[in-house]
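All chains should be built: construct the whole structure from the sequences, respecting the hints.
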Amino acid sequence: MNKQILWRMNWQSWLWLAIALALMAVAFWGGIEELINRWDKQEEYSHGYMLPFITLYFIWQKKNIIIQSEFSPSWWGLALIVVALVVFVIGEVSALFILTQYALITVILGLALAIMGWPAIKPVLIPILLLVFAIPLPYFLEANLSANLQLLSSKLGVAFIRWCQIPVYLEGNVIDLGVYKLQVVEACSGLRYLFPLLSLGFICAYLFDVAFWKRVVLVLSTIPITILMNSFRIGMIGVLVDNWGIAMAEGFLHDFEGWIVFMACFGVLFIEMAILGKIGADKKPFFEIFGLSQASAIDLTISTVKTRPFAYPLVASAIALATSVAIVSSIDKRTEIIPSRALFPEFPTQLGSWHGEQDAMEETVTKYLGLTDYILANYKDDKSQTVNFYAAYYESQRKGVSPHSPRVCIPGGGWQISEITRTQVGDLPINRIVIKKEDNTQLVYYWFQQRGRQFANEYLMKWYLFKDALLLNRTDGALVRITTAVSPNENIADADNRLKGFAKQLDPVLPKFIPN
1 MNKQILWRMN
11 WQSWLWLAIA
21 LALMAVAFWG
31 GIEELINRWD
41 KQEEYSHGYM
51 LPFITLYFIW
61 QKKNIIIQSE
71 FSPSWWGLAL
81 IVVALVVFVI
91 GEVSALFILT
101 QYALITVILG
111 LALAIMGWPA
121 IKPVLIPILL
131 LVFAIPLPYF
141 LEANLSANLQ
151 LLSSKLGVAF
161 IRWCQIPVYL
171 EGNVIDLGVY
181 KLQVVEACSG
191 LRYLFPLLSL
201 GFICAYLFDV
211 AFWKRVVLVL
221 STIPITILMN
231 SFRIGMIGVL
241 VDNWGIAMAE
251 GFLHDFEGWI
261 VFMACFGVLF
271 IEMAILGKIG
281 ADKKPFFEIF
291 GLSQASAIDL
301 TISTVKTRPF
311 AYPLVASAIA
321 LATSVAIVSS
331 IDKRTEIIPS
341 RALFPEFPTQ
351 LGSWHGEQDA
361 MEETVTKYLG
371 LTDYILANYK
381 DDKSQTVNFY
391 AAYYESQRKG
401 VSPHSPRVCI
411 PGGGWQISEI
421 TRTQVGDLPI
431 NRIVIKKEDN
441 TQLVYYWFQQ
451 RGRQFANEYL
461 MKWYLFKDAL
471 LLNRTDGALV
481 RITTAVSPNE
491 NIADADNRLK
501 GFAKQLDPVL
511 PKFIPN
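With this note's numbering, letter number 77 in the sequence shown gets 77, and the count goes up by one each step, no holes.
By construction, these hints were calculated from the structure, which means they are not laboratory data.
Do not rely on the hints blindly, as some may be mistaken.
[Claimed, not checked] Once the Cα atoms are required to be at most 30 angstroms apart in a straight line, the calculated BS3-like pairs of lysine-lysine come out as: (1) Lys437 with Lys380; (2) Lys504 with Lys467; (3) Lys467 with Lys155; (4) Lys214 with Lys62; (5) Lys436 with Lys155; (6) Lys283 with Lys62; (7) Lys122 with Lys283; (8) Lys467 with Lys512.
[What the hints assert, rightly or not] Taking CB as the label site, the calculated pair distances span: (9) Gly267 with Trp213: 16 to 26 angstroms; (10) Asn497 with Tyr464: 24 to 34 angstroms; (11) Glu362 with Gln12: 57 to 67 angstroms; (12) Asn378 with Asp40: 32 to 42 angstroms; (13) Leu470 with Asp40: 21 to 31 angstroms; (14) Gln165 with Tyr464: 46 to 56 angstroms; (15) Gln165 with Gly426: 46 to 56 angstroms; (16) Ala360 with Leu471: 34 to 44 angstroms; (17) Val132 with Asp382: 53 to 63 angstroms; (18) Glu362 with Gly267: 37 to 47 angstroms; (19) Leu471 with Glu357: 38 to 48 angstroms; (20) Lys500 with Asn457: 15 to 25 angstroms; (21) Gly267 with Ser329: 21 to 31 angstroms.
Keep in mind that this is a model prediction, so the values were computed, not measured.
Note that CB positions come from ideal geometry on N, CA and C, so glycine has one too.
In C-alpha cells, the structure reads:
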C-alpha cells in the first residue's frame, strides 16, 4: 500500500508568516478601519463582514488538499507584494482608500504565493479573490452608478405599473400616480441588492461544479437579475400604493418588500443554476452540481510526514512590508499643506449689481458634509431676480471627505432632474441641470474648483486630486453651485442668462476664498 505524504511547515516559516501578517495589519490599518466604517454605515456593503469568514471556511474545507501539496515558494509572490505596496503607498499619499484596500488583497495573495508557489496556491486562490467583493466603490463612482440605476429602475417600474393598467406619469425619478407621488431615491436604486448578490453569485459559481463558462454566466447574470427584480419591486409598490395608499411605500412594509426581493433574487439564481446544470455535456442532477473538491481522506497509519522547505520569499516579503510600514509612518508625520485664504463670512455682499445676504445650514448638515468652510447666500439684482449661491470648501480631502455632487443631493431633496448637460460660461466649465418639483422649476450650475483649476468633469477632478496629493501635498478644493428659480412667466433661456451673468461676476472673486 502506498504511503500518503503529509507536509508541514517548519517553525521558522510559521514565525516569519506571523511577522509578515502583523506588519501587514499595521501598514493597512487605516484602510481596514475605513472598510469597516463603510460596512457599518452603508447597508449595501454590510455583507462585507461575512466575506472574510467565508474565505477562511473555504480554505479550511481545502485543508486535506493543502496538507498533501508540496509547496515550492515562489519569488513571484514577492514581486506581486512589491507592486501592491507601491499602489498602497500611492493610495496612502492620495487618500484613495480603494487603492489601499485592493493592495491589501493583493498582498494576501502575494504572501500565499511566496509560501505555496504554483500550483499549490490553486486551492486558496478563488477564496482570496472573494474578498474583492468586500471592497466598496469610491463615493463618486457609487453616486453616479446609484443615479443611473435610479432612473433605469424608475423606467422599468413604471412600465410594470402601466402593464397593470394603472395610469402613471414618470418625470426623472418621480413616479406620479395622480393622488400619490413616489420618489425613487438612493435606497431604491438597487445597489443594496447588487453588491450582496454579486458576492452571492461568485460564491455560488465557486460551488458550482460545472464548466467554467457556466460559472461566468452565473456571476454576470446577477446584474440584470438585480435591476429587473428591483424594478419589479418599485412597480409593485406603485400598484400597492394605488390600491391601498401611501402607507404601502413607507416604514416596515418598504423594508420588508426589499427583503422579499433579495430572497427572490436568490431564488432566481438557484433556478438559473438548475437550468445551467441540465444543459451541455457536463449536465448533472441539481443536487450534484454543488460541492467542494477534496483530496483523499488522510489515514495517519499509512502517512509519512515531511517538512516543507524554508520559504525564503516569505522573509523578503516581510522585509518589504516592514519598509512599507516605515514609509507610511513618515507619510503620517508629513504635514499637509493648507493654504491661507479668506473665510466665507467675509465674502462680499455686493457683486456688480447683485446684493446678497448670507444664510446658515443646520449644524447636523455641516457635520455630515464634513466641510471646512461654506457660504450659503441669496443674491438679488435691481430687478429683484434671485440667485442662490453655495460653496463648500474642504481644506483636506485625504480621508475620504470630499464635496457631495449635486447630482446625488438634488434627488434626496425631493427634486427630480429633468435635464443634465455640460457647457461653458466663457472659460468656466459647468454642469447645467434643470430640476423640477411639482409646479416649480429651477436651473442649477455647478463646478469644482481646486488649486487653481475648475472642472465640470468629476472624474477629471479626482485625477487632479490624486496628482496634487502626490506631487504638491495638497488636497484642498471646493464645490461651487448657483441656482435660480424659473418663474412661470419666463423661459429657461432667461434663467440661463441670469446665471451666466452672475457666474461672470462671481468667478474673479472666488480665488481669494478658494486658493490657487
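Violated hints, by number in ascending order, as checked against the structure: 3, 21
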